Amino acid sequence: MKRSKDSSEHYTWGQNCDGWHLLKTNSLSIIQERMPPHTSEALHYHQKAQQFFFILEGQATFEIENEVFVVNTNEGCHVEANKKHKIKNEGATDLHFLVISEPKAHGDRIDLNPQN
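Per full-length UniProt numbering, the sequence shown runs over residues 1 to 116.
Treat the hints as calculated values from the structure; they're not laboratory data.
Every value quoted in this text rests on a predicted model; they were computed, and no experiment measured them.
Heads up, the beta-carbon is just placed ideally off N, CA and C, and yes, glycines get one too.
Check the hints yourself; a few may be wrong.
[As the list claims (entries may be wrong)] Once the Cα atoms are required to be at most 30 Å apart in a straight line, the calculated DSS-like pairs of lysine-lysine come out as: (1) 83 / 24; (2) 88 / 104; (3) 48 / 104; (4) 48 / 84; (5) 48 / 88; (6) 5 / 84; (7) 88 / 5; (8) 88 / 24; (9) 104 / 83; (10) 24 / 48; (11) 48 / 83; (12) 24 / 104; (13) 48 / 2; (14) 104 / 5; (15) 2 / 84; (16) 24 / 2.
[What the hints assert, rightly or not] Using C-beta positions, here's what the derived DEER-type ranges look like: (17) 83 / 24: 20 to 28 Å; (18) 113 / 1: 35 to 43 Å; (19) 5 / 102: 15 to 23 Å.
Between the sequences and the hints, there should be enough to build the whole structure, so can you do that?
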């Protein structure tokens, strides 16, 4: 089935960020997300879900298990289950990316500190 942001369930999260469920099943989730400049999510982990983030536009700063690194447009990053992580947009433009979770990450998230 053909999917796009326009035909997908939309939600907001964090600091004025957007998400669109392109695929939402119990075993697989694919979400397109947008983070405005200078936003971040809270440090967290998933007990069951592994995730792959693919940057469509912009530059993402990831913190995974206390290691910080940058992922650019057309690059991706794999986060294994139980690994503490967060994504930040430290740039001056919107960050657009896909997050693919197997199984779905919703309901499997453990927050470790308040959003900052």
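Discussion item. Holds or violated: the 15 to 23 Å window for the beta-carbon distance between residue 5 and residue 102?
Written reply: Taking Cβ atoms as reference, residue 5 and residue 102 lie about 21 Å apart, which means the hint holds.
Practice prompt. Assess, step by step, whether the Cα of residue 5 is no farther than 30 Å from the Cα of residue 84, and give holds or violated.
Written response: It holds: about 28 Å lies between the C-alpha atoms, which stays within 30 Å.
Fill in: Hinted pair residue 24 and residue 48, Cα distance within 30 Å
With a Cα-Cα distance of about 16 Å, the restraint between residue 24 and residue 48 holds, given a limit of 30 Å.
Worksheet item: Per the hint of 20 to 28 Å, is the separation of the Cβ atoms of residue 83 and residue 24 within bounds?
Response: Roughly 23 Å apart at Cβ, these two residues keep to the hinted range, so it holds.
Worksheet item: Within a Cα-Cα threshold of 30 Å, do residue 2 and residue 84 meet the stated pairing?
Response: Distance of about 33 Å is beyond 30 Å: violated.
Item to complete: Would you mind confirming whether the straight-line C-alpha gap from residue 48 to residue 104 stays at or under 30 Å?
Response: holds, 9 Å
Item to complete: Take the C-alpha atoms of residue 104 and residue 5, compute the straight-line distance between them, and say whether it is at most 30 Å.
Response: holds, 19 Å
Worksheet item: Given the hint that residue 48 pairs with residue 83, does the C-alpha gap stay at or below 30 Å?
Response: holds, 10 Å
Worksheet item: Does residue 48 pair with residue 84 here, judged by a C-alpha cut-off of 30 Å?
Response: holds, 13 Å
Practice prompt. Could you say whether the range 35 to 43 Å given as a hint is met by the Cβ separation of residue 113 and residue 1?
Written response: Taking Cβ atoms as reference, residue 113 and residue 1 lie about 38 Å apart, which means the hint holds.
Practice prompt. Given the hint that residue 24 pairs with residue 104, test it: the Cα-Cα distance must not exceed 30 Å.
Written response: Measuring from Cα to Cα gives roughly 8 Å; hence the hint holds.
Fill in: Hinted pair residue 88 and residue 24, Cα distance within 30 Å
It holds: about 24 Å lies between the C-alpha atoms, which stays within 30 Å.
Consistency with the previously given hints fails for number 15 only.
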